[in-house]
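2 protein chains.
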Amino acid sequence: MAPITNARVLFAAIPKDFPIPGETTVYDTSQKIDLETVPLNGGLLIKTLVLSIDPYMRGRMRAAEEKSYADAFILGAPIDGYGVCVILRSENPEVAAGRYLYGIFPHQQYTVLPSIEGLTFLEKDPKLPWTVFVGAAGMPGKTAFMGWKEFSRAKKGETAFISTGAGVRSARMHPIYVQESIELRDVLVDSMVIQLAKRDGLKVIACAGSDEKVKFMREIGADVVFNYKMMDTREVLAREGPIDVYWDNVGGKMLDAALEHAAINGRILECGTISGYNTGYEPVMNIHQTWAKSLTISGILVFHLQDKYEKEFYATIPQAIATGEIKYTEEISQGLKSVGDAILRVQQGKEHREGGDHRLGGMTSARVADGKKCSKGN
Amino acid sequence: MAPITNARVLFAAIPKDFPIPGETTVYDTSQKIDLETVPLNGGLLIKTLVLSIDPYMRGRMRAAEEKSYADAFILGAPIDGYGVCVILRSENPEVAAGRYLYGIFPHQQYTVLPSIEGLTFLEKDPKLPWTVFVGAAGMPGKTAFMGWKEFSRAKKGETAFISTGAGVRSARMHPIYVQESIELRDVLVDSMVIQLAKRDGLKVIACAGSDEKVKFMREIGADVVFNYKMMDTREVLAREGPIDVYWDNVGGKMLDAALEHAAINGRILECGTISGYNTGYEPVMNIHQTWAKSLTISGILVFHLQDKYEKEFYATIPQAIATGEIKYTEEISQGLKSVGDAILRVQQGKEHREGGDHRLGGMTSARVADGKKCSKGN
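In order, the protein sequence lines correspond to chains A and H.
Number 304 in UniProt numbering belongs to position 304 of the first sequence; there are no gaps in the numbering.
Number 53 in UniProt numbering belongs to position 53 of the second sequence; there are no gaps in the numbering.
No incorrect hints appear here.
Non-contacting residues of chain H with respect to chain A, defined by C-beta distances greater than 10 Å in every case (computed):
1) Met1
2) Thr5
3) Ala13
4) Phe18
5) Val26
6) Glu36
7) Glu65
8) Leu88
9) Arg99
10) Glu117
11) Glu123
12) Gln348
Restraint ranges, calculated between C-beta atoms of paired labels, are given here:
13) H/Lys149 <-> A/Ala238: 28 to 38 Å
14) H/Lys149 <-> A/Gln319: 34 to 44 Å
15) A/Glu310 <-> H/Ile20: 51 to 61 Å
16) A/Ile20 <-> H/Asp232: 34 to 44 Å
Worth flagging that the hints you see were computed from the coordinates, not collected in a lab.
Beta carbons are placed, not taken as given, at the ideal position from N, Cα and C, and that holds for glycine.
With these hints in hand, go ahead and build the complete structure from the sequences.
Encoded structure:
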């Protein structure tokens with residue numbers, strides 16, 4: 001077999017504010033690979049099936065000398081992120097070709113891996129597309145599930161507030177591109193948290209920046225929903241609070257509103273502060289509320305919680321998604337070429353409407369027909 | 001017995017920024033009381049021995065309609081605060097005259113109480129002056145002890161950072177006036193926290209705004225001490241960190257520095273944010289570090305922790321103070337007349353030097369001669 005193109009997405013320049021497709025990341029087709037003869041040196045050859053574009057990736061687009069919780073992307077090399085791959089060839093006797101892996105992979109079509117260290121085997125479930133395993137049953141879903149389990153101390157009858165974005169549509173929007181079927185999906189941590197809070201018997205207040213999104217939040221069970229662009233968050237919280245649990249993806253003014261209207265002994269789960277990822281962090285003015293009300297703010301990094309909750313997660317969440325008990329939205333985009341745009345869109349919180357390939361509910365009509373996943377209104 | 005003056009300190013006006021002695025609080029001698037005939041209606045008559053002036057009192061000098069964790073002082077009525085009293089007369093058969101009580105009392109010489117609800121009986125310990133029971137063995141000490149126990153998750157070999165004041169000398173300075181012996185004492189939560197952290201085997205970094213204070217911190221065991229007015233906190237933390245446990249009394253830039261140099265899984269104990277009590281809260285810019293490093297910020301309100309730790313506290317801390325294992329400083333002032341000045345001084349973090357009645361180490365020479373408490377240098 002002759003060498004074929006191994007398309008990649010390279011980190012080409014550090015963004016000043018928002019990432020610029022074609023400039024900060026570049027789609028590259030210069031590399032060739034011969035799938036049959038490429039040396040594996042005892043490792044394995046994988047083909048990328050699905051990748052996830054996540055908000056935290058912006059933080060990795062920085063100079064290597066700046067330290068942070070996740071390594072900086074390497075200039076000139078492919079970016080990487082959560083994905084699902086299939087093993088094409090293996091020289092490792094314990095790893096068979098044809099098996100599926102979940103974990104962090106380079107953004108390229110084919111990769112030779114020295115080992116499977118840090119990766120998780122997945123079994124194909126005919127009811128679940130692979131995108132689910134980088135979304136609701138992947139890192140975003142784990143973040144929601146494990147963060148909520150570890151830090152919410154939720155009690156029946158309490159009130160939770162879950163925000164999605166301040167000036168952005170969603171702080172944890174997860175477009176995922178599917179390399180073959182050419183889709184980009186949008187799975188929300190937030191929508192998972194809403195459903196976990198409802199399962200625990202809490203009153204849920206949720207906000208978003210579009211009426212469509214607000215409608216979906218209502219559909220998945222939120223008791224009080226509002227468009228924060230149309231209504232004053234502080235007024236809503238004053239009326240509907242105080243807030244026992246606040247799931248923050250936003251930071252800045254949204255966090256200040258939640259601190260102001262937090263209940264005594266309230267818990268704030270700090271999942272992200274997307275309001276500041278591109279244009280500088282917004283000041284937070286209400287930190288004194290932490291001692292004034294015995295609040296706890298817990299920062300969530302999913303990889304610190306995985307050992308504790310991973311078994312329980314895989315034993316319950318994919319199943320709950322397959323039966324439709326847990327619903328989700330997704331946005332599907334096409335191929336590695338679309339990664340640059342997807343990264344920008346996640347940061348801007350914009351909808352991906354052109355070409356009609358965004359669907360709230362996110363399923364192909366065939367999948368919706370199964371009645372197994374959520375689409376708008378079911 | 002003829003009626004005598006019952007001196008009081010009245011809340012007279014809401015301060016715009018710093019409290020103004022004689023204006024926001026007024027020393028008042030218009031009330032008379034006959035100690036022998038004043039009707040008790042089944043309650044008790046107490047005489048105030050010791051009162052504590054605490055930073056949080058500024059927060060109570062506000063309009064009644066503004067909600068907060070502690071009630072606003074009532075305009076025209078006496079302010080109140082932690083103190084020790086002796087019972088002069090009792091119509092409650094379970095409460096004998098001559099016993100001592102700890103709790104919150106009005107700032108007046110004599111008070112008729114309907115009951116002892118919310119108050120704690122104290123036994124006189126010849127080795128401990130009453131001031132200790134509103135200081136190192138009172139609310140400030142409880143705050144340190146209970147907050148550290150509940151939230152520090154301290155492990156031997158970790159690094160703690162304890163700050164005292166940003167632009168103020170001390171965020172938890174506790175001048176206490178003694179009504180009879182006419183003294184004002186300064187007990188520091190911070191210095192208690194330093195000693196608790198050392199007992200748990202941590203490396204302790206501590207800062208203050210005066211060289212004298214820095215020297216005392218060294219004497220009680222801090223490993224790295226600095227004057228934050230002379231050195232850049234961020235530089236010190238970059239060199240000596242990362243910080244596993246940060247005890248914050250300050251907020252604003254000091255908190256930002258600690259967030260920046262926090263270790264993964266670091267704990268921030270939020271005891272107060274005095275940098276903003278009088279001139280408006282400083283913005284905090286580094287909240288994103290909470291999720292980037294899995295940090296926890298725990299707000300400390302001692303009255304939420306008392307049920308859990310009070311027994312252990314009284315069983316260990318007064319004893320440790322009496323033996324000199326736990327050292328403290330105090331500042332002693334004279335009579336109710338000095339309350340207004342003391343409140344201001346606490347907020348400004350100023351030393352109380354005039355008249356020579358401030359002593360670092362704080363003991364009368366007789367007490368120092370016992371060798372049971374700390375004075376400067378022992």
